[in-house]
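Asks: The primary structure of each chain is shown beneath.
Protein chains: 6
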Amino acid sequence: MKYLAEYLEGERVVGFCLVKSKEAGVASNQSEYLNLELGDRSGSIMAKLWDVSPEIKDAIAVKGIVKIDATVQSYRGKKQLVIQRIRPASTSDEVEMESLIPISPVPVDELWEKLQKTVDGLQSKILQAIIREALADEEIHGRLRQFPAGVRMHHNYYHGLLEHIVSLLTAAERLLPLYPQVDRDVLYATCIMHDIGKLYELSDPIAPDYTTPGQLIGHLVMGVEIVSGICRKLDIPLGDAEVLHLKHCILSHHGEVENGWGSAVSGKTPTAVLFHYLDQIDSKMNALGQTLADAGEEEWAYAGVLRRKVWRGY
Amino acid sequence: MKYLAEYLEGERVVGFCLVKSKEAGVASNQSEYLNLELGDRSGSIMAKLWDVSPEIKDAIAVKGIVKIDATVQSYRGKKQLVIQRIRPASTSDEVEMESLIPISPVPVDELWEKLQKTVDGLQSKILQAIIREALADEEIHGRLRQFPAGVRMHHNYYHGLLEHIVSLLTAAERLLPLYPQVDRDVLYATCIMHDIGKLYELSDPIAPDYTTPGQLIGHLVMGVEIVSGICRKLDIPLGDAEVLHLKHCILSHHGEVENGWGSAVSGKTPTAVLFHYLDQIDSKMNALGQTLADAGEEEWAYAGVLRRKVWRGY
Amino acid sequence: MKYLAEYLEGERVVGFCLVKSKEAGVASNQSEYLNLELGDRSGSIMAKLWDVSPEIKDAIAVKGIVKIDATVQSYRGKKQLVIQRIRPASTSDEVEMESLIPISPVPVDELWEKLQKTVDGLQSKILQAIIREALADEEIHGRLRQFPAGVRMHHNYYHGLLEHIVSLLTAAERLLPLYPQVDRDVLYATCIMHDIGKLYELSDPIAPDYTTPGQLIGHLVMGVEIVSGICRKLDIPLGDAEVLHLKHCILSHHGEVENGWGSAVSGKTPTAVLFHYLDQIDSKMNALGQTLADAGEEEWAYAGVLRRKVWRGY
Amino acid sequence: MKYLAEYLEGERVVGFCLVKSKEAGVASNQSEYLNLELGDRSGSIMAKLWDVSPEIKDAIAVKGIVKIDATVQSYRGKKQLVIQRIRPASTSDEVEMESLIPISPVPVDELWEKLQKTVDGLQSKILQAIIREALADEEIHGRLRQFPAGVRMHHNYYHGLLEHIVSLLTAAERLLPLYPQVDRDVLYATCIMHDIGKLYELSDPIAPDYTTPGQLIGHLVMGVEIVSGICRKLDIPLGDAEVLHLKHCILSHHGEVENGWGSAVSGKTPTAVLFHYLDQIDSKMNALGQTLADAGEEEWAYAGVLRRKVWRGY
Amino acid sequence: MKYLAEYLEGERVVGFCLVKSKEAGVASNQSEYLNLELGDRSGSIMAKLWDVSPEIKDAIAVKGIVKIDATVQSYRGKKQLVIQRIRPASTSDEVEMESLIPISPVPVDELWEKLQKTVDGLQSKILQAIIREALADEEIHGRLRQFPAGVRMHHNYYHGLLEHIVSLLTAAERLLPLYPQVDRDVLYATCIMHDIGKLYELSDPIAPDYTTPGQLIGHLVMGVEIVSGICRKLDIPLGDAEVLHLKHCILSHHGEVENGWGSAVSGKTPTAVLFHYLDQIDSKMNALGQTLADAGEEEWAYAGVLRRKVWRGY
Amino acid sequence: MKYLAEYLEGERVVGFCLVKSKEAGVASNQSEYLNLELGDRSGSIMAKLWDVSPEIKDAIAVKGIVKIDATVQSYRGKKQLVIQRIRPASTSDEVEMESLIPISPVPVDELWEKLQKTVDGLQSKILQAIIREALADEEIHGRLRQFPAGVRMHHNYYHGLLEHIVSLLTAAERLLPLYPQVDRDVLYATCIMHDIGKLYELSDPIAPDYTTPGQLIGHLVMGVEIVSGICRKLDIPLGDAEVLHLKHCILSHHGEVENGWGSAVSGKTPTAVLFHYLDQIDSKMNALGQTLADAGEEEWAYAGVLRRKVWRGY
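Protein chains in written order, with the UniProt record's numbering: chain A, 1 to 314; chain B, 1 to 314; chain C, 1 to 314; chain D, 1 to 314; chain E, 1 to 314; chain F, 1 to 314.
Check the hints yourself; a few may be wrong.
[Stated by the list, open to error] To give an idea of the interface, some chain E residues facing chain A are shown, with a C-beta separation under 10 angstroms as derived from the structure:
1) A24
2) G25
3) V26
4) N29
5) E110
6) Q123
7) S124
8) Y210
9) L216
[To be verified] Derived lysine-lysine pairs resembling DSBU-like cross-links, with alpha carbons at most 30 angstroms apart:
10) K233(D) - K79(D)
11) K125(A) - K114(A)
12) K22(B) - K57(F)
13) K2(E) - K78(E)
14) K48(D) - K309(F)
15) K57(B) - K78(F)
16) K57(F) - K125(A)
17) K233(A) - K78(A)
18) K78(A) - K125(A)
19) K117(C) - K48(C)
20) K2(F) - K79(F)
21) K48(E) - K48(C)
22) K78(C) - K78(A)
23) K79(B) - K22(D)
24) K2(E) - K79(A)
25) K2(A) - K63(A)
26) K114(A) - K57(A)
27) K309(D) - K78(B)
28) K2(F) - K67(B)
29) K79(C) - K63(A)
30) K79(B) - K63(D)
31) K233(B) - K78(B)
32) K78(B) - K48(D)
33) K20(D) - K309(B)
34) K78(D) - K309(F)
35) K48(A) - K2(E)
36) K48(D) - K79(B)
37) K114(F) - K57(F)
38) K2(E) - K125(A)
39) K63(E) - K22(E)
Don't read these hints as lab results, they were simulated from the structure.
Each residue gets a CB set at the ideal place from its N, CA and C atoms; glycine is no exception.
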């Protein structure tokens, strides 16, 4: 199967795509057209559909799947599609979602197994119980196997959050022997739970928007509330030192309050300070890796995550 | 009864005080002395106790009450006490704590009544239930009638937090008719609950320190957790719009995240934005009022809350 | 009468509008067209006039009134007009300016009366004299009954500044009993005079631009100069404490100098500090109220004044 | 005559000094002592007066002149005086103020002449008239020949402001040929008038404090008000372009508003932008020159104006 | 010869231009077109070439010279060219580069002579030797006679850097007598060498881009490395005080590190501090001069270098 | 052997210490005394020497070694020494420097071996040659085995820099497998060379001050100059991509320029970005580890590196 990013100018594309955005316009000849953003797991492309009928206009839905017959053209230096034919996909088309959105390169089951192994190895029975309870929650379980770690910046693809968690766990495991002043179990628990609030801050794994609670509360405090909810359910005292420490690490993982990056409190333990930097490393490395991969042979490429151009190296 | 602040240089002081801090030293003649900070409701004063015996040194405890016989002297332009005799107070002395620490000028029962009346007048049954449950909690009830609103900056005296809440409620009530875009009940609920976390962020109402949970979680998130805990107990859904709104107002009441003043999220409703400014007004007016009152006849006085001098204005 | 904002896609519009901006272009067929921004009191809309003759092109003037016959179309998701016929309005058309620009919902005479009543109630004869002199100035009088409080952010409509002043006076009156450390008369005088410089910082009430003196001096200092000019005229000593206090409140009403928001000096009295927050409240509440009203049924809407999205509440 | 800074440890000092500050204390033997800061034109030194009588304590006044008989000692690495005898100076002592406070190295008449010559050479009759009127004012005239340019930072000595003005005029004259986009007369007028408000922001030239109007209005706006007052007196229209330009340069001479350094408006002409940098250069060069001169042979010295150490540079 | 900026709407243009950028597109009739940015020494203009053949599309190269036959039209309020005929220039066309790009108004030889004279007048034999060696380097010599001082902000034209250097030398020479605390020779050497790294930070003088070393190292450190390289070659000790001072001035010339403007170290000598402000003055005056010259008769014009509008003065 | 930190109040101390600072004073009885800061590897303590003779005063030198006979007293809550007898140490005393200053807990030879092994394993022959040449330099070799990584903040003890380097190499080695977008050899080379300039920025390993070149150039650029000097010596082209990359990582290791933390350029490669965070982690973990170790049993301790209190964990 050939993906959108692989087609060259002039080629014909026949296949299924996801509709990411839709905008109607009126051409100078008074006929209507649609500007669509279509995507599959290789990325997104703009598409033009001229002389659109009212029926088709209504039938094409954002976050829906369509089948297209189109040609690749160049417009202002970028590839775009000009669509000849389009129709919504039906269930009989048996399109797999995983072919339509970008997805983590690591299989979800492999990630999940690594996560489970870490949880099994926790020495703190309290932290272990909290995390097991979280992962056993049907909704959390389901979302954690699907959600990205963010809308744009890093690990922004199917089960990207799980990949980010496992990557952090691996980094934490490797650095822990160097820094005995860090609390191993709290660090692991923070890797797993720091972004758990994102499962409710974002709407869905396909074309995620921010939810109303997500915008009003934010994923840091949402994560802390999930932890506290579980503690209440399991009769774990909220004043337990390890629980306090985990909640502190979640609340401070965006760095110092004074920087205005969104922490509710500044990190005040070696564990919280270390985690903030690990999270920065893992998210920035992922974002820069994507930026350079997308840039093909270019020596320099613009990296949104740093708001400047980055260098391939040589 | 005459308070510490009223004694003049050269006068003799005999009476009860609270020990706020204690520091031992060795004089050039090798004898030991104590530097004490003593206080009553009129404020604090430094005191010197020369040639202190080990027994007395041990018997005098920080946050404890002592009876002194001392003389007021001037040292580097400030009054200080030189103590001739000192002993810890015993229960038979029947000293009232309220004579020993600064206290709100408004009687606690009057404040509490006003608070209750506002709660009774809430139209939202959900917000009313949450606040009634909070105020019915024995610990919250007790602390709210005693705690200051802060260690240093504003309403930093016995039941100062309650005075701050009632003052905010009054201000809110008066401005609401001007701004119909504001949610009345959520605004009232925020006035009452925004600093409720301080009852656990601070150690006690006499000589408050920050607690460990207070430093790790902060009173904004602590307040949100109290609200959520009550919702769970009362089976109020956490996704209820009014509950979300109240929690949002608590989390955002320190202003915009980008300013780095400690909000976990920036205010995103008219109610949240209004409350932030009301809280600024009430705390700054209280602090500046104290600064100018303490400055006596001085035209200008240094106001710590603004980090600059303020003008009496006449 | 039906306003621009009320027309739906496909409807025909015949009526008078104000020309807010005009831009000429050349179409691919080499004929000229105009892009116009047309407005009435319900807001603005973009309009296209194809094949425009040189005569019409010249006759249509920015800030002028035109009569149009046009159709509503959708372009890139927004409504726009395609104009079939257009001509400048003549005096015989008897168009009322108030139907053409957004206007305060409160009648100007009602606002003026409230303002006068406050002035009459001032106990300070000096402040009363200054303000009476200002309001008696023909130019100030005329402009204050017409000017908006700003170009874009808040109260940006006909006699919006007067509405803002009266709203501030009401808020001040309601909060004053809570804060006796505030100087009542100076606070009222600041409400009235704080933005008086805007009457000269802006060019006109219809389509206001910044004037050259406005950009070079700014409305804070311009306001202070108006006060000082009146004092000289009335032989009020410039060193009078109330005059100094009023000028201080005007100069500091954008908040602390260190924040870089344009105050010439940081607020150094309770009155100045309170007024800054009242002004923030009144301008932000007005702006957020407009944002949410314009957003119709949308749960979230982008508020330029906060540079983020705001929530309707429920 | 030998100045305070020239005495070495162990030497006896007999002579006149200015009392800059006074603080009373009680020694361990219960006798009173005074800590004085004494100064002459060479600088300041701390002095101790043991066993002070109430009469002497009252007779010694801050900003007064005293005659002392004292010995230089070293205390914590710094020289201090131990006073054996002290009395207030009487008029019969005929002490010249200029021997008692630091003074500009350039004679005041030489500076004044240079200033007058520049004013005479102005081509703009309006700017010339404004400045002549200002310099003809008896109070401004008198103060300008005495006041420092600041309390601490730069040109902080007798007629330091006049020296700063003349130094700026010289620098401006020399750079003008390079930058024809700058308005010569406005630049000269700004050099002369930019800090004219300091003559009222500061209390006196001997031991200057900030005045109440100085703290409430600030010297930028005070300078603009002086200019406007003169214009009114001379019937010069306030809207005159050169007057606007001069006022703009005064209001913007602390740099960009966003930096929070106290400008009321950001510089918006080449002249205003150039003047800001010239003022920075002249004040910083003066301050660094003093820092290095005071540091004697030290390779590095702490410069308060930069908040870091500076290098002599040899 | 008539330059691009001089042509009016409707006129025909026949002549040579430099291709600054090129972008291909597909028109609604499916034919290809080119959007070109064409320039000569009077500035740049957008140009449209419809129905372009593949041969022409390939033959037109960015940074190449073309001969065009075109018409000036107005598009969205700006002039643009519609090209009828176009071909690449051949060597037989004998086009002079200096007619094609903006160029300093001062002849290069005049600038060079002034530079040489300053170098000859240096009293420091070490600084003189370093600069002579630099200017004798064939590559530096060649580039310094061609490179702009920057891509966009100031002196952004042919041999603009040399003009900037000579202008700084003149300003330095004129201010030096006022500030004896400044090291004359180090100041002159800094004027000459402060931006020498730009000769390698930028790719070429015609259409400069940032080079890879330029982006990775920056012109400040590149300049220091050039100085150190010459010292090693000439056996000048790297610890020489004048060399250290020169390098310090280069590294600190973007102002204080804390401001985040790119200095590697904050200025710590009077010379370094003075140079920073001189550089600011010379670059800002040049940029504002250009802004106002380009603005023709407009009273206000947007100045990118200040990110705000500037005023012509009157 | 017993170290200073181990003595209790009242105990007698006889032994050798390092003199860290010295300050003379005059007591109220007119006799001279010395305030000394004395230290050994366990830390520092203030000491008082009353009635000091001029001979002893001169004989005691900062950074010199003395033998003392003293008693531990408590002064303002801190231990201090009162010295009965003191003399400078002579060579016959055979005091080992390592007993007198704090020292890394890891033996220097073990660290050196690990460093050598990493260098031997570099695949890049160019980077390997540069580092081998650096380590073979007698001065660098000697200093690297002795110098701290800083004066105060982290690894501030004997061969602390070497410990920091080896710790970074270990962390880098462990994280590299996770981030293939990072250049292994450049990362290792940066770990080794990033602070190499500190060997010249600081004066000596015993009581390090900042050198004049250190303050003028800073250790980032000094490090880059060392690399470039070696390249010139070894005929490695300065434009080599790996050399550029190493220099970029050194220059950017203090984070983004905009933050004002001292980088000469912002990190623009995955390797540079990763290294910045690794350096933050290693320095902060070391500093927090020391803070908590020094705090003994205290739950909370003030950490200078974070400018706030940190929590032990539980």
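Asks: Confirm or reject each hint.
Replies: Cross-check of the supplied hints:
A cut of 10 angstroms between beta carbons decides the hint on A24(E): the least distance to chain A is about 6 angstroms, and the hint holds. Interface hint status for G25(E): upheld, as the beta-carbon distance to the closest one in chain A is roughly 6 angstroms, under 10 angstroms. Hint status for V26(E) relative to chain A: holds, with the closest Cβ pair at about 5 angstroms, below 10 angstroms. The interface hint given for N29(E) is broken, as the beta carbon of that residue sits about 12 angstroms from the closest beta carbon of chain A, more than 10 angstroms.
Checking E110(E) against chain A: minimum C-beta separation of about 38 angstroms lies over 10 angstroms; hint violated. The closest approach between the C-beta of Q123(E) and any C-beta of chain A is roughly 43 angstroms, which is over the 10 angstroms cut-off, so the hint fails. The criterion of a C-beta within 10 angstroms of any C-beta in chain A is not met by S124(E), whose closest approach is roughly 38 angstroms, and the hint is violated. Annotation: interface hint on Y210(E) holds; nearest CB of chain A at approximately 9 angstroms, less than 10 angstroms.
The interface hint given for L216(E) is met, as the beta carbon of that residue sits about 7 angstroms from the closest beta carbon of chain A, less than 10 angstroms. About 54 angstroms separates the Cα atoms of K233(D) and K79(D), which puts this hinted pair outside 30 angstroms; it is violated. A hinted pair counts as satisfied when its Cα atoms are at most 30 angstroms apart, and K125(A) with K114(A) qualifies at roughly 19 angstroms. Restraint check for K22(B) and K57(F): the C-alpha separation of about 35 angstroms exceeds 30 angstroms, so the hint is violated.
For a cut-off of 30 angstroms, the pair hint linking K2(E) to K78(E) stands: about 19 angstroms separates their Cα positions. With a C-alpha separation of about 40 angstroms, the suggested pair K48(D) and K309(F) falls outside the 30 angstroms cut-off, and the hint is violated. A distance of roughly 16 angstroms separates the Cα atoms of K57(B) and K78(F); the hinted pair therefore holds under the 30 angstroms criterion. At most 30 angstroms may separate the alpha-carbon atoms for a hinted pair to count; K57(F) and K125(A) exceed this at roughly 63 angstroms.
Restraint check: the Cα-Cα separation between K233(A) and K78(A) comes to about 54 angstroms, which exceeds 30 angstroms; the hinted pair is violated. This hinted pair does not check out: K78(A) and K125(A) have alpha carbons roughly 55 angstroms apart, beyond 30 angstroms. Distance restraint check for K117(C) and K48(C): the Cα-Cα separation of roughly 49 angstroms exceeds the 30 angstroms cut-off, and the hinted pair is therefore not satisfied. Taken as a hint, the K2(F) and K79(F) pair is honoured in the structure, with Cα atoms around 16 angstroms apart against an allowance of 30 angstroms.
Proposed proximity of K48(E) and K48(C) is supported: the alpha carbons are some 23 angstroms apart, at most 30 angstroms. Under the criterion of a C-alpha separation no larger than 30 angstroms, the hint pairing K78(C) with K78(A) is consistent with the structure, at around 25 angstroms. Straight-line distance between C-alpha atoms of K79(B) and K22(D) comes to about 16 angstroms, which keeps the hinted pair within the 30 angstroms bound. The straight-line distance between the Cα atoms of K2(E) and K79(A) is roughly 39 angstroms, outside the 30 angstroms bound, and the hint therefore fails.
Restraint check for K2(A) and K63(A): the C-alpha separation of about 21 angstroms stays at or below 30 angstroms, so the hint holds. About 46 angstroms separates the Cα atoms of K114(A) and K57(A), which puts this hinted pair outside 30 angstroms; it is violated. The suggested pairing of K309(D) with K78(B) is violated, with an alpha-carbon distance near 34 angstroms, which exceeds 30 angstroms. A distance of roughly 44 angstroms separates the Cα atoms of K2(F) and K67(B); the hinted pair therefore is violated under the 30 angstroms criterion.
This hinted pair checks out: K79(C) and K63(A) have alpha carbons roughly 24 angstroms apart, not beyond 30 angstroms. For the proposed pair K79(B) and K63(D), the alpha carbon gap of about 25 angstroms is at most 30 angstroms, so the pair holds. Between the alpha carbons of K233(B) and K78(B) the distance comes to roughly 54 angstroms, so the proposed pair goes past 30 angstroms and is violated. The hinted pair formed by K78(B) and K48(D) meets the criterion: a straight-line CA distance of about 18 angstroms does not exceed 30 angstroms.
The straight-line distance between the Cα atoms of K20(D) and K309(B) is roughly 21 angstroms, inside the 30 angstroms bound, and the hint therefore holds. Taking the CA atoms of K78(D) and K309(F), the gap is near 35 angstroms; set against the 30 angstroms cutoff, the hint is violated. The hinted pair formed by K48(A) and K2(E) fails the criterion: a straight-line CA distance of about 43 angstroms is larger than 30 angstroms. Restraint check: the Cα-Cα separation between K48(D) and K79(B) comes to about 20 angstroms, which is no more than 30 angstroms; the hinted pair holds.
Restraint check: the Cα-Cα separation between K114(F) and K57(F) comes to about 46 angstroms, which exceeds 30 angstroms; the hinted pair is violated. Our distance criterion of 30 angstroms between C-alpha atoms is broken by K2(E) and K125(A), whose separation comes to about 84 angstroms. Restraint check for K63(E) and K22(E): satisfied, since their Cα atoms lie roughly 10 angstroms apart, inside the 30 angstroms limit.
In this structure, the earlier hints numbered 4, 5, 6, 7, 10, 12, 14, 16, 17, 18, 19, 24, 26, 27, 28, 31, 34, 35, 37 and 38 are contradicted, and the remaining ones agree with it.
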